[in-house]
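Chains as they are written, first to last, in our numbering: chain A, 1 to 279; chain B, 1 to 300.
Don't read these hints as lab results, they were simulated from the structure. These figures come from a predicted structure and were not determined experimentally. The C-beta atom is built at its ideal place from N, Cα and C for all residues, glycine as well. Any given hint might turn out to be false.
Stated by the list, open to error - Covered stretches of chain B, as calculated for chain A (at least 3 residues, CB under 8 Å): (1) 10-19; (2) 109-122; (3) 206-212; (4) 263-275.
Unchecked claim - DSSO-like, lysine-lysine: derived pairs with alpha carbons at most 30 Å apart: (5) A:Lys212 with B:Lys128; (6) A:Lys90 with B:Lys64; (7) A:Lys212 with A:Lys275; (8) A:Lys212 with A:Lys151; (9) B:Lys248 with A:Lys45; (10) B:Lys64 with A:Lys155; (11) B:Lys270 with A:Lys79; (12) A:Lys275 with A:Lys45; (13) A:Lys151 with B:Lys64; (14) A:Lys242 with B:Lys145; (15) A:Lys60 with A:Lys89.
Stated by the list, open to error - Here are some, though not all, of the chain A residues that point toward chain B, as calculated from beta-carbon distances under 7 Å: (16) Gly142; (17) Thr172; (18) Cys174.
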Amino acid sequence: MIISVASGKGGTGKTTFSVLLARAVAPALYIDADVEEPNGGIFLKPDIEREEDFTELVPKIIPEKCTYCGECARACPYKALVIIPPPAKKDLFFPELCHSCGVCAYVCPEKGALIEVPRKKGVIRVGKAGDLDFMEGVLNIGEPTAVPLIKSLVKRAREYPGDVILDAPPGTSCPVVEAVGEADFVLLVAEPTPFGVHDLSLVVDMVRQLDKRFAVVVNKAQEGNTLVEDYARREGIPVLFKIPFSEEIARMYSRGELPFGRFEAQLRELHLKIKEMAG
Amino acid sequence: MSPREIVIISGKGGTGKTTITSSFVWWLHGRGEKFVIADADVDAADMHILMNPRPWKEEEFVGKSVAEIDDSLCTYCDICRQLCRFDAIYVDEDGVYRVNPFRCDGCTLCEIACPVKAISMVPQVVGKWFLSTTPFGPMVHAKLKPGAENSGNLVTMVKHQARLLAEKEGIPHIIVDGPPGIGCPVTSAISGASFVAVVAEPSFSAIHDMERAVETAEHFQVPHGILVNKAGINPENEEKIREFARRKGIPFLGQVPFTRCVVDALVEKKIAASSCPQVREALEGVFEKIMEVVNGTAQK
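Produce the complete structure using the sequences and hints provided.
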């Protein structure tokens, strides 16, 4: 079973909640799919056993065979290729614009003039934190899209025999859709501020469109502040867990620590409840 | 003279970009400065909650095109599904070939390859952008549809509109609330900026993300500096951030204390610098430094 943890707003506590949950329900697999800014490892301190390059295919022009007809450049929807026709006969490739779609190779009329070669776009680190399996994706700086790397992580999540806690990127756009697309259940972490509730409503729209089962977790919950609960009640969304606002947790967090023991029993209960709700 | 853009980013979300940006706007307004406000965090835009913008212009934003299969022409040859690198084409329960618009990257490979021309590319409305008035000055903002692609194009549009507006009205500055992360939306937000202020909080995670944000600013050769928000939580980490700035040779702009007052102000939709004297005091120094750098850059 895959539980994805998402939030519209950044910094609401996705990673805090994900690592607490993963630690509590281990043996399981924790995946950090916030590949632009992966942080789960800071708290789980895994022993990394291997690091795999994440590559995608990009075009390479073979000058001896290329006629510089420019078909590939005209077909490229991302303007990642420029071909200067004879007599200059030059090709320019902008890897940061390339989406590895394969259009250029498909339309090239000269056999072997444009080949596709792997290009490293990030890494996937695999390891263990005690009885918890750990995986994180790290996107190279300057890469245009996180989606393929997240897709590769999600594929590994599907292949994993046990429970998976998948820590998603913030926002509501494509990378998040990818990170929650295969989830059996989605937990949305929100903080009780007008911003938190506003961004929660955006991500709720998204998971509804994806037809996912989901519930809300309140982080930095404060006595007497029911902004998130009020919203959830209006929308008929269950609120399944609360982490109280605490300066102590903030201080621990700043050191790369979290109170793992404190919520363990409650989080195991939550896990059982989610399994029931997911059917 | 072209307007100068100041962009606030952080790498990690929730470090206080919007808190700082709204305070900056409040402070500049108090000094009688003229500026355009731009919210480039189109994925989770929040500045409007504090700025109360009144839109006078609203336009749909057409993003990438997505493939559509005409079932009356489709011969079920399966070529498109096999070729698609984004796994966007699937066969539904009735055996009909369909496109998952969330996954489709708009690359046109299926359209090119379809032997019976059953596939066409259809432009998608992915969001809206607005020109608004606020008590602090004009504002450009946008709203991306949930699940849409945030390629940075809508961010570019927000910045473009802000520039047009500033040029037309002779407004010297544009204050941009940036998106989190280091991907395309951030690249679009910082490109062409006069200065990027990177907000870090003194946590390991935020420092890690700040370093990646700074590298991104370096990569795109945009002048930048660092400030610490929520200072006092971890003095050791605060020193690490200052040390990082020294090592990189970039300005350290100052630090803003962590106080309960900010949390309460946010809950009440108030601007931190206007509600919390401690924050105001700390930020004045930060903002003055930013303006010195920005105006200095312009003189060169």
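Evaluation of the provided hints:
1. Residues of the region 10-19 of chain B lying with their CB closer than 8 Å to a CB of chain A number 6, which satisfies the three-residue condition for coverage.
2. Remark: the region 109-122 of chain B is confirmed as covered by chain A, as 3 of its residues place a Cβ nearer than 8 Å to a Cβ of that chain, reaching the required three.
3. For the region 206-212 of chain B, the proposed coverage by chain A is satisfied: 3 residues have a C-beta within less than 8 Å of a C-beta in that chain, meeting the threshold of three.
4. Closer than 8 Å: that is the beta-carbon criterion, and the region 263-275 of chain B has 4 residues meeting it against chain A, so the requirement of 3 holds.
5. Pair hint Lys212 of chain A plus Lys128 of chain B holds up; C-alpha atoms about 26 Å apart against a cutoff of 30 Å.
6. About 29 Å separates the Cα atoms of Lys90 of chain A and Lys64 of chain B, which keeps this hinted pair within 30 Å; it holds.
7. For the suggested pair Lys212 of chain A and Lys275 of chain A, the alpha carbons sit about 14 Å apart, so the restraint of at most 30 Å is met.
8. A distance of roughly 18 Å separates the Cα atoms of Lys212 of chain A and Lys151 of chain A; the hinted pair therefore holds under the 30 Å criterion.
9. Annotation: proposed proximity of Lys248 of chain B to Lys45 of chain A holds, straight-line Cα distance about 27 Å (limit 30 Å).
10. For a cut-off of 30 Å, the pair hint linking Lys64 of chain B to Lys155 of chain A stands: about 26 Å separates their Cα positions.
11. At most 30 Å may separate the alpha-carbon atoms for a hinted pair to count; Lys270 of chain B and Lys79 of chain A exceed this at roughly 44 Å.
12. At most 30 Å may separate the alpha-carbon atoms for a hinted pair to count; Lys275 of chain A and Lys45 of chain A meet this at roughly 27 Å.
13. Only pairs whose Cα atoms come within 30 Å are accepted, and Lys151 of chain A paired with Lys64 of chain B is accepted, the gap being roughly 20 Å.
14. A distance of roughly 29 Å separates the Cα atoms of Lys242 of chain A and Lys145 of chain B; the hinted pair therefore holds under the 30 Å criterion.
15. Taking the CA atoms of Lys60 of chain A and Lys89 of chain A, the gap is about 14 Å. The hint holds against a cut of 30 Å.
16. For Gly142 of chain A, the suggested interface contact is upheld, since its CB lies about 5 Å from the closest CB of chain B, less than 7 Å.
17. Interface restraint check: Thr172 of chain A against chain B, minimum CB-CB distance 4 Å, threshold 7 Å, status holds.
18. For Cys174 of chain A, the interface hint holds, the least distance from its beta-carbon to any beta-carbon of chain B being 5 Å, beneath 7 Å.
When held up to the earlier numbered hints, the structure conflicts with hint 11 and nothing else.
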